[in-house]
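Novice: These are the residues of each chain, in order.
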Amino acid sequence: MACQSTASDSNNNYIKGANLMDELLDRSAIKDSIKKDEQAEVDIQHESGIDQSTLIEISGLNKWYGQFHVLRDINLNVSKGEKIVICGPSGSGKSTLIRCINCLEEHQEGSIVVDGTRLTNDLKNIETIRREVGMVFQQFNLFPHLTILENCTLAPIWVRKQSRKDAEKVAMEYLERVRIPDQANKYPGQLSGGQQQRVAIARSLCMNPEVMLFDEPTSALDPEMIKEVLDVMIELAQEGMTMLCVTHEMGFARTVADRVIFMDEGQIIEQAPPEAFFSNPRSDRTRKFLGQVLNH
Amino acid sequence: MRAFSLLAKIKKGRYVVTDPKHVSHKANSTPRFLRELLRLWRDASFRPLIMQGTVVLIIVMLAIWVISNTMHNLEHRGISTGFDFLSQEAGFGIIQSLVEYDESHSYGRTFVVGMLNTLLVSGLGIFFATILGFLVGIARLSSNWLLARLASVFIETFRNIPLLLQILFWYFSVLAALPHPRQSYALWDSIFLNLRGLFLHKPIIEQGLLPVMVSVLVAIGLTLLFRLKNRMRRLDTGKPIPGASLWMTALLLGIPAVVWGLSGATLTLDTPVLKGFNFRGGIAIIPELGALLLALTIYTAAFIAEVVRAGIESVQKGQKEAAASLGLKPGKVLSLVVIPQAMRVIIPPLTNQYLNLAKNSSLATAIGYPDLVSVFAGTTLNQTGQAVEVIAMTMAVYLTISLTVSLLMNTYNKRMALIER
Numbered sequence: 001m002a003c004q005s006t007a008s009d010s011n012n013n014y015i016k017g018a019n020l021m022d023e024l025l026d027r028s029a030i031k032d033s034i035k036k037d038e039q040a041e042v043d044i045q046h047e048s049g050i051d052q053s054t055l056i057e058i059s060g061l062n063k064w065y066g067q068f069h070v071l072r073d074i075n076l077n078v079s080k081g082e083k084i085v086i087c088g089p090s091g092s093g094k095s096t097l098i099r100c101i102n103c104l105e106e107h108q109e110g111s112i113v114v115d116g117t118r119l120t121n122d123l124k125n126i127e128t129i130r131r132e133v134g135m136v137f138q139q140f141n142l143f144p145h146l147t148i149l150e151n152c153t154l155a156p157i158w159v160r161k162q163s164r165k166d167a168e169k170v171a172m173e174y175l176e177r178v179r180i181p182d183q184a185n186k187y188p189g190q191l192s193g194g195q196q197q198r199v200a201i202a203r204s205l206c207m208n209p210e211v212m213l214f215d216e217p218t219s220a221l222d223p224e225m226i227k228e229v230l231d232v233m234i235e236l237a238q239e240g241m242t243m244l245c246v247t248h249e250m251g252f253a254r255t256v257a258d259r260v261i262f263m264d265e266g267q268i269i270e271q272a273p274p275e276a277f278f279s280n281p282r283s284d285r286t287r288k289f290l291g292q293v294l295n296h
Numbered sequence: 297m298r299a300f301s302l303l304a305k306i307k308k309g310r311y312v313v314t315d316p317k318h319v320s321h322k323a324n325s326t327p328r329f330l331r332e333l334l335r336l337w338r339d340a341s342f343r344p345l346i347m348q349g350t351v352v353l354i355i356v357m358l359a360i361w362v363i364s365n366t367m368h369n370l371e372h373r374g375i376s377t378g379f380d381f382l383s384q385e386a387g388f389g390i391i392q393s394l395v396e397y398d399e400s401h402s403y404g405r406t407f408v409v410g411m412l413n414t415l416l417v418s419g420l421g422i423f424f425a426t427i428l429g430f431l432v433g434i435a436r437l438s439s440n441w442l443l444a445r446l447a448s449v450f451i452e453t454f455r456n457i458p459l460l461l462q463i464l465f466w467y468f469s470v471l472a473a474l475p476h477p478r479q480s481y482a483l484w485d486s487i488f489l490n491l492r493g494l495f496l497h498k499p500i501i502e503q504g505l506l507p508v509m510v511s512v513l514v515a516i517g518l519t520l521l522f523r524l525k526n527r528m529r530r531l532d533t534g535k536p537i538p539g540a541s542l543w544m545t546a547l548l549l550g551i552p553a554v555v556w557g558l559s560g561a562t563l564t565l566d567t568p569v570l571k572g573f574n575f576r577g578g579i580a581i582i583p584e585l586g587a588l589l590l591a592l593t594i595y596t597a598a599f600i601a602e603v604v605r606a607g608i609e610s611v612q613k614g615q616k617e618a619a620a621s622l623g624l625k626p627g628k629v630l631s632l633v634v635i636p637q638a639m640r641v642i643i644p645p646l647t648n649q650y651l652n653l654a655k656n657s658s659l660a661t662a663i664g665y666p667d668l669v670s671v672f673a674g675t676t677l678n679q680t681g682q683a684v685e686v687i688a689m690t691m692a693v694y695l696t697i698s699l700t701v702s703l704l705m706n707t708y709n710k711r712m713a714l715i716e717r
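Chains as they are written, first to last, in our numbering: chain B, 1 to 296; chain W, 297 to 717.
Everything hinted at is true.
Quick look at which bits of chain W chain B covers, simulated, 3 or more residues with Cβ under 8 Å: (1) 618-629; (2) 633-646.
Only pairs whose alpha carbons sit at most 30 Å apart, straight line, appear in this in silico DSS-like list of lysine-lysine: (3) W:613 / W:710; (4) B:165 / B:124; (5) B:165 / W:628; (6) B:161 / W:525; (7) W:616 / B:165; (8) W:616 / B:169; (9) W:628 / B:186; (10) B:169 / W:525; (11) W:625 / B:186; (12) B:227 / B:169; (13) B:186 / B:169; (14) W:710 / B:186; (15) W:613 / B:186; (16) W:616 / B:227; (17) W:525 / B:165; (18) W:625 / B:80; (19) W:613 / B:124; (20) W:525 / B:186; (21) W:625 / B:161; (22) W:613 / B:161; (23) B:169 / W:625; (24) W:710 / B:165; (25) W:628 / W:616; (26) B:124 / W:628; (27) W:616 / B:80; (28) W:625 / B:124.
Since the hints were made in silico from the structure, they are not lab data.
Here a beta-carbon is modelled for each residue, glycine too, at the ideal position from N, C-alpha and C.
Sequences are here, hints too, so could you generate the full structure?
Specialist: Following this line, the structure appears as structure tokens:
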């Protein structure tokens, strides 16, 4: 559906998103009270009404780096509006999995369907999927030769064929949402890590994606900057964005995730809603991992 | 164990300086003025002054010696000095000249002719080498196996063979294999390629030259204005004026054409015609220029390709991934994200290659292309014998060319530099 969406469609979507955003901002007071009561939070998330239409469908996914089997028989369906947190020890294939979704990594077996578009060798399909899938990287990867504003308008102008004026208007609104509109004319090198990562999120949002992939977005940040990035991500989640996050921030997983997935040695070992995952992990490996992550 | 660590500390020099007994003992045994001198020598702000003063003194003395020695020797052997020879008649011909020249012109004129020929081959060489170098450099990084291999072979072949050999190869092995003028390769009976060079038409506008020239300038101005307006409109509305490029072409070609028609100016073509053993008329590109240009372009392009490859590889992989994940096509990723960042790394060594090309053009002497070295530092020097003046002037030209290129590239580099903090 979204792959045929034109620029005007996306603008409408965007306006809807903005209205939703305003409502949510009004409810930010509620958000704080929710944090105090975990049970209430779980209820709200169940009520938030996850749209049951499947957005990402991964089945029988296998990937090798030479002889090394990185991903083994991955099956994963992501519904529209669902927030998934993927965790696991390093080298377990979490990043590789989400990088397969927008074809930054090629897979050898199995199928990936994003929003009705099957990921094949067809370059047009790959482009269609990349337009609908936003990605935020551990190292931010802002373009250092462009200003913050230009970073945000580059893809809308060249991919969505928007006018510069429209693209800048949208970009400024997203920059306001990540709370750095005053930095718009600076260069990435002049910003702190937390600010850069928020720009990276805004840059992806400017393409008005259906899904956002986060590849360890806070791992390269100083501790005091992690919160500002997580806050932006939490807001985004509450607006109903479909999200897949590879992260070690277990607090974030508890707050926003609909489902937590634990991976080890290229396999999905366990997946469960956060309260079940943290309080009652089924496999030994999950228990061991949680013991190491939560008690450090 | 303790002794060992003490030894290490002494080795690092901590104990040598701070040992008061040692210092005082040494100070007492030297005379006062020497101690004072030693103190000045140790002074962080004074020592550099002494050093620099000494260097300047040595250089000045060397210069005085060289100049006085040269003057003395020239006088002793009865060689005239000064630049009077520049106005004397040269009396020799030059096979290619961008300005009017024949045997009756002065040595000063041969200097200008040689300099223009050097500038011509350097300018063309830099232009073509840049294009070819970028193409080959990007091709070498291509995921297309065949293309990448071909680029590698090109680079490894041409940068590892001496340039002089390559010039001789193109001149004696390739261009010398072209047919005689009578059997020329001809394209539409108007472009001829043979042993004597490449022959083209030369347009001559005889009447009404001025209004046509003015109308061309007006047309260019109007087209640029239209382009600007179109750009503004695209920024405002997201849509360009329909058929913009058609309109611009019409403006650019239409106005001069109409003015030309009204003014009744005539255009005649000076056609190259076979007369005797060679073509006469038109524009002739001599094989010496062709061979030199080919060799310089290909040789330098091989180096530029490596510079470009290094530049592109210096851009972090994450930049390409970020651009691709935003949906940009590979060509746009390269032109909007990778190349602009790679330019920072590319420009300084690229400047070196440009300077090398300009200086290497002096190898023209080997095949008789009339460049500055061949015409001025060669024939003119031989005929006048005024080596000092001629060589100094030649050096000054190369120095000027190189410093100008450097200056331009440094300015460009400053503009491309990343802003951080």
